[in-house]
Amino acid sequence: MVSSMYKSPELELRRFDHGIACNVTTWHPLRGFEPKPFRETCNAAAYGSREPPAYDLSRVSAPVVILAGNMDVMAAPDDIAEQARRLGPAVKRTIAYPDYTHMDFVWDRNSKVPADLIAVLQEYSPGS
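What the sequence shown shows, in the UniProt record's numbering, is residues 1 to 128, in sequence order.
Since the hints were made in silico from the structure, they are not lab data.
Possibly wrong hints are sitting among the right ones.
What the hints assert, rightly or not - For each label pair, taking beta carbons as the anchor points, the in silico distance ranges come out as:
| # | residue 1 | residue 2 | range |
| --- | --- | --- | --- |
| 1 | Pro114 | Glu51 | 31 to 39 Å |
| 2 | Ala44 | Val113 | 37 to 45 Å |
| 3 | Gly48 | Gly127 | 41 to 49 Å |
| 4 | Arg109 | Arg59 | 33 to 41 Å |
Positions of the beta carbon are idealized from the N, C-alpha and C atoms, including for glycine.
Put together the whole structure using the sequences plus the hints.
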């Protein structure tokens, strides 16, 4: 069974290598996406509070297509559904890959993802 980060906040994300994504935004299991946190003293100066504010995903208006792996413990199906709910009408569709984990999107040599991604880009950006 795949655990949900919304329903199982005990999942320790420290064991996963976040790489460059930590320089842009962070994920908190109960609060969702947030600006990169600084130390508390810097947070107060940068954000006016001890913790960074959560992004209001309902304000996203650009079309969003979610590509998700059903076996992904870092972005479990329940979490994907919750993010889609928070994004609202911006989500045009979700493409699910039944046997994919988080890194299959990067390392699967026989992946359908590139073809699906190109189709999505052509659909929402015709002529480019």
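Against the structure, the hints:
In this structure the hint that Pro114 and Glu51 lie 31 to 39 Å apart at CB holds, the actual value being about 38 Å. Range check, Ala44 to Val113: Cβ separation about 41 Å, and the 37 to 45 Å hint holds. For Gly48 and Gly127, the Cβ-Cβ distance of about 43 Å falls inside the hinted range of 41 to 49 Å, so the restraint holds. The hint said 33 to 41 Å for the Cβ distance between Arg109 and Arg59, and at roughly 38 Å that hint holds.
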